[in-house]
Each structure stands twice: as structure tokens, then as C-alpha cells.
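Number of protein chains: 2
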Amino acid sequence: MRRHLAAAIATTLALATAPTFAAQDKPTPSAKELLDASKPSEWRTPDPDNLLYMQLPTGRVVIELAPDFTPLHAANIRTLVREHYFDGTSVNRVQDNFVAQWDDPASDDDHPDPAKLKSLGKAKKTLPPEYTRAIDAKLPWTELPDGDVYAPEVGFSEGFAAARDPATSRMWLTHCYGAVGVARDISPDSGNGSSLYAIIGQSPRTLDRNLAIAGRVLEGMPLLSALPRGPAPMGFYTDAKQRLPILSVRLASDLPPAQRANIQVLRTDSTTFTALIEAKRNRRDSFYTLPAGKLELCNIDVPVRDGGKPVMP
Amino acid sequence: MRRHLAAAIATTLALATAPTFAAQDKPTPSAKELLDASKPSEWRTPDPDNLLYMQLPTGRVVIELAPDFTPLHAANIRTLVREHYFDGTSVNRVQDNFVAQWDDPASDDDHPDPAKLKSLGKAKKTLPPEYTRAIDAKLPWTELPDGDVYAPEVGFSEGFAAARDPATSRMWLTHCYGAVGVARDISPDSGNGSSLYAIIGQSPRTLDRNLAIAGRVLEGMPLLSALPRGPAPMGFYTDAKQRLPILSVRLASDLPPAQRANIQVLRTDSTTFTALIEAKRNRRDSFYTLPAGKLELCNIDVPVRDGGKPVMP
Numbered sequence: 001m002r003r004h005l006a007a008a009i010a011t012t013l014a015l016a017t018a019p020t021f022a023a024q025d026k027p028t029p030s031a032k033e034l035l036d037a038s039k040p041s042e043w044r045t046p047d048p049d050n051l052l053y054m055q056l057p058t059g060r061v062v063i064e065l066a067p068d069f070t071p072l073h074a075a076n077i078r079t080l081v082r083e084h085y086f087d088g089t090s091v092n093r094v095q096d097n098f099v100a101q102w103d104d105p106a107s108d109d110d111h112p113d114p115a116k117l118k119s120l121g122k123a124k125k126t127l128p129p130e131y132t133r134a135i136d137a138k139l140p141w142t143e144l145p146d147g148d149v150y151a152p153e154v155g156f157s158e159g160f161a162a163a164r165d166p167a168t169s170r171m172w173l174t175h176c177y178g179a180v181g182v183a184r185d186i187s188p189d190s191g192n193g194s195s196l197y198a199i200i201g202q203s204p205r206t207l208d209r210n211l212a213i214a215g216r217v218l219e220g221m222p223l224l225s226a227l228p229r230g231p232a233p234m235g236f237y238t239d240a241k242q243r244l245p246i247l248s249v250r251l252a253s254d255l256p257p258a259q260r261a262n263i264q265v266l267r268t269d270s271t272t273f274t275a276l277i278e279a280k281r282n283r284r285d286s287f288y289t290l291p292a293g294k295l296e297l298c299n300i301d302v303p304v305r306d307g308g309k310p311v312m313p
Numbered sequence: 001m002r003r004h005l006a007a008a009i010a011t012t013l014a015l016a017t018a019p020t021f022a023a024q025d026k027p028t029p030s031a032k033e034l035l036d037a038s039k040p041s042e043w044r045t046p047d048p049d050n051l052l053y054m055q056l057p058t059g060r061v062v063i064e065l066a067p068d069f070t071p072l073h074a075a076n077i078r079t080l081v082r083e084h085y086f087d088g089t090s091v092n093r094v095q096d097n098f099v100a101q102w103d104d105p106a107s108d109d110d111h112p113d114p115a116k117l118k119s120l121g122k123a124k125k126t127l128p129p130e131y132t133r134a135i136d137a138k139l140p141w142t143e144l145p146d147g148d149v150y151a152p153e154v155g156f157s158e159g160f161a162a163a164r165d166p167a168t169s170r171m172w173l174t175h176c177y178g179a180v181g182v183a184r185d186i187s188p189d190s191g192n193g194s195s196l197y198a199i200i201g202q203s204p205r206t207l208d209r210n211l212a213i214a215g216r217v218l219e220g221m222p223l224l225s226a227l228p229r230g231p232a233p234m235g236f237y238t239d240a241k242q243r244l245p246i247l248s249v250r251l252a253s254d255l256p257p258a259q260r261a262n263i264q265v266l267r268t269d270s271t272t273f274t275a276l277i278e279a280k281r282n283r284r285d286s287f288y289t290l291p292a293g294k295l296e297l298c299n300i301d302v303p304v305r306d307g308g309k310p311v312m313p
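Chains as they are written, first to last, in the UniProt record's numbering: chain A, 1 to 313; chain B, 1 to 313.
Incorrect hints may have been included.
One copy or two, either will do: identical chains are not told apart, so a pair holds if it fits within one copy or between any two.
[What the hints assert, rightly or not] Computed list of lysine to any residue pairs in SDA-like fashion (alpha-carbon distance at most 25 Å, straight line):
id, residue 1, residue 2
1, Lys125, Asp285
2, Lys241, Ala226
3, Lys32, Ile186
4, Lys32, Asp109
5, Lys125, Ser286
6, Lys32, Asp185
7, Lys26, Asp189
8, Lys32, Ala232
9, Lys241, Thr58
10, Lys309, Thr79
11, Lys309, Pro231
12, Lys124, Gln55
13, Lys32, Phe236
14, Lys309, Asp239
These are computed hints drawn from the structure, not numbers from a lab.
Construct the complete structure from the given sequences, taking the supplied hints into account.
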């Protein structure tokens, strides 16, 4: 029965106004039922120019870049990847309930020796921040109905959790679980994509609009989220042996099609995605005594499948 | 410089209305500065009758029970602990961005064999749900100013993240990171504290008021949050060898004082706690270009120290 419990916990919500659920009542369709009924046209295959394969000793992390939000960072990261800059770097910092960060280990010294730093090659050393972009009617927008503590409007655009402020006509990607951000130094233009972090805990939305978000992890989050936390302040490892080596990072478009993953992401402007949100907001089943009737931005997973099989969120 | 960056990322926020931070400006005090200046009277030593020490092969997890919110569950868990019920149980389920759950492994079968289940001894098999309790002016309440997607009011009471609904005069603990919940089967009275879970990812607030929260983890979260995720649906392990054994669970009050941890928790009705929240909401320093000016319930850590040393959040 615990598995039954777990299933209910993992997927359930119900109408705040719902009467007690009776045996003869029809439960809200599950995420699996909704996805099984989805149309092929509701799934998109990410552009291979936006897909990064990060090979770790423990497996592969797949990241989708977000060039419509951070185009200069996407371009610089592609340049670094094509130079094999990340090959031989490592995950150097894992802070519990916050981030896993990977970069050139030499850059993590308090006063890095420039002679020891990996060359950025043709990649730019500084970039305009790209923390926000103009709201554009050409970008799809699926708005959530329940509001947000941090932003006037929240929703999804092109598969990414995002926020908007009509007063300034700006929009930006949000630091939800799995978001991949661009680390920087004090100067806002000091982020260049050579140091990246993934959110592995409660979404630190206070970072929104203060750091550029390059994309999000589509597959392999547990390879980052389950890493040993670093013993030093902010989760830095104290011994080079604790660092997880990054064997390689490649762009899907640089690999022969036969070596590419067959990854698809549910369109966040699809009928099925809207139905998933509604089912989670207003789920009715035999488990829940009091439904939330609401749903917060970072509580929503955008479904991904690889080779037709669902990627476990 | 990356450490500088990390420090800023880990602690920063600034006034939404703040002018550009200038070199001569005084930055908002850091969490460390505020805690270093705190008074001894602002820290409380949890009642040893409410402190659980869960000994894992990898270290110790310390959990504080919340008897003012879930008294019957606290009493039943104390009974189970004094019977050494949990000794020899295990963490049987770790679902990425959701929960780590521990209990009698035999109970995780789809149709558990009653003959194989551990005896609950004198502990009750069923309990009233205790999902919410009446608002009581005698309970301290530190309310947050920035609202919440899921509840009319949110804040802290006796060290626990909580929510209130004046319309119903009820309050309840919330499923923030580190909350320890009581797993149950379909029937609301089927939870008894013999199966517990800790939140290890984005707070699944949709569980609020549908499951009893027994308390929260004060120390040792990484021992649960960094565990390998289970390969089966909902993060169940598929092989008994994957399960992490629980060597023992003891109440601090059942140990000689010399064997007890010297744990203190910052009072959430203290001036310093309010100052920490304000500093995080409205932080100003050289790193942040745009402050949030707001702060969400589950983005706030309640400081804990063990032997005078801060417990890393």
C-alpha cells in the first residue's frame, strides 16, 4: 500500500471546493494518462544546436540552452564546448539545498593564478548580463493562474519556467529546480558561461534577474543533485579528489545523428501541458482530503522523454 | 573570486528600490554578522523529549518533533523510538526533488505480508490526522510580509515554517525543505509515524493539510538529500542492498546528558530572526543589480548551531 501512497503523494491535488471523493467518482486523470493520450505534435525535438551532453563518470547530463532568453551566453557556451573547454573541468561545489557548480577548478581559488587558468580560446571573457529580455508576442506564453511571491506574472515559454513584468515589458527565466545559471564575479558582465551551476534544491528565486540563466537540465538531474555536499562553506570541496570530473561536453549538433539522444520535450503551449497543470491544481482522488486548488511555478515539471520513455522528474 | 561570488549568491538580496550600490555604501549585514551579534537569550535548546537522533552508517540526523502541532504523532513516534522500532529499518525510497522515506522495508511491498511486518508494540496503528490545529494566541507567530501562493498567511511558529487561515482559525506546518512528514495509506487515519519522509527538493506545498508533519530535520539533511535516487517509479529502491540501514533512533531524553548533542535553534520570535529575514529580503551589496525585495516562506532557513558551531543549511 505504501506504493499506492507514494503514487498518490507524487501526483495528487484536488479541488479546494471538491466534495469528499466517493468510490464511484471519476478521479482526475493522472499525469501518465494525460501523457499517454498526448498527440505527437504536442512534443518538440530540441534544436541540436541547443542541446549539451555533459558526460560524467556516472552518466550523462543533457542541458537545453535558451537562446531566445540568453543568446550571447548560448553562443559563448557553444564556442567553449566546440573548443572542448569543459573537458577535464569538474564539479567543484555542491551546496545542500542550493546549487551544484562546475568550472575550471583553478578558478575557484580565492586569488586564481592566471597562468593556471584554462584558456577561453575564441570565447568572450565578458558578456552583457542578459538577465531579462523584452516581452515579445512572438514568444509563446502559458501563464499560470495562481500568482507568485516574486513576480507580477509567471508561466512557461518554450519549455522554460519564466516570469514577466508588464510594467517594464521585460521577461526572464526563473531559478526553478534544474535551471542552469551562469556564475559570475562582482561585475555584472563577468559571467561568460565557463562556470555554470544547476539548482538542486528549493528554488532560490531571489537570484532571478541577478544572474543569467543559460538553460535547464532535461535529463540526468540526479547525477548532480545526489552528489556529496562539499564540506567547506558554500559547499566547496576541500580536496581535489572530491571533485567530480567532467569527461566531456558536446553539442548534439556536433555528433553524428546516430550518437544523438532521441529527446523530446512536451510543448508548454500544448493542450496536454495545460491539462497537466489543471490536473495537478485540481486533482481529485481517494487520497487527498483537502486539495490545494493552486500551483506554484517551480512545482511544475515539464515532461521530457528519451527514446519514447519518460525521463523521471 | 568565485568564492566571493558564491558568498554573495548564497546570502544576498537588496531593496527593490535601492539605488546602485556604491563603494562607500554600507552593505546589509550578512547572516553571519547578525548571528554573531545575537544574544544568548535568542537561542533555545529544544526539549530533549522532542529531539530524535537517527543514526545512519554515514552519520547522525537530528529531528525536532512538533508536539504543539502534531501531539498524538509525537507521542506515538516517542513510543516507537523507545521500543527501538526503527532500529534495523531503512531508507527505502529516495525520489529526486521530492522525498527520502524510511520505514519497515516489508511495508513497501504492494501487498505486504502481515507476518513479515515489524510489530508496532504499544504504539497505535491509527491516529487522528492532525493535519491542522486551531490558531492559538499562546503560540508565537512571526508572519512574513510578502504573501504566499498556497495559504492566506505564512510565517514561523516555535521554529517551524507554518501557514494560517484566519477564515477557518486553523494553522498548519508546511512542507518546506527538511520538513519530516508522516506517510500514510489511503485512509487519513492510517498514518502512525512508523513511516516518515523528509522533503529533499522544491517544497511540495500541495501536500500541506493532506499529511501530518511530525517535525523537521535540524542537522544532517545532506545524509538524506544526497542519497542515490531509487531507480523504480517514485524513487523506490529495487534491491535490498540499495537501502540505507537505520542503525538506531533514540530520544535525546533517553540518553545520558553527556551523550546528547548541544543543539540550539534561533528563536523565530527573536529580533535577530526578524533581522535575518529583513536582510535577506532587502539585502544591498556590490553583487546584486536588482534585489527581490520579497522572500518566500520556504526560502528561509532557521539557524541551528551544534556545540556553538553553525549547522550548514
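Structure-based check of each hint:
1. Lys125 to Asp285: Classified as between; 24 Å across copies, 54 Å inside a copy.
2. Lys241 to Ala226: Answer is both; intra-copy 17 Å and inter-copy 18 Å each pass.
3. Lys32 to Ile186: Classified as between; 20 Å across copies, 45 Å inside a copy.
4. Lys32 to Asp109: between (46 Å within a copy, 22 Å between copies)
5. Lys125 to Ser286: between (56 Å within a copy, 20 Å between copies)
6. Lys32 to Asp185: For lysine 32 and aspartate 185, the Cα distance is within 25 Å only across copies (21 Å; inside one copy 43 Å).
7. Lys26 to Asp189: between (54 Å within a copy, 23 Å between copies)
8. Lys32 to Ala232: This pair counts as between: shortest inter-copy Cα distance 15 Å, intra-copy 41 Å.
9. Lys241 to Thr58: both (15 Å within a copy, 19 Å between copies)
10. Lys309 to Thr79: For lysine 309 and threonine 79, neither the intra-copy (31 Å) nor the inter-copy (44 Å) Cα distance is at most 25 Å.
11. Lys309 to Pro231: between (37 Å within a copy, 14 Å between copies)
12. Lys124 to Gln55: within (24 Å within a copy, 50 Å between copies)
13. Lys32 to Phe236: between (39 Å within a copy, 18 Å between copies)
14. Lys309 to Asp239: between (38 Å within a copy, 22 Å between copies)
The structure is inconsistent with hint 10 alone, although it conforms to all the rest.
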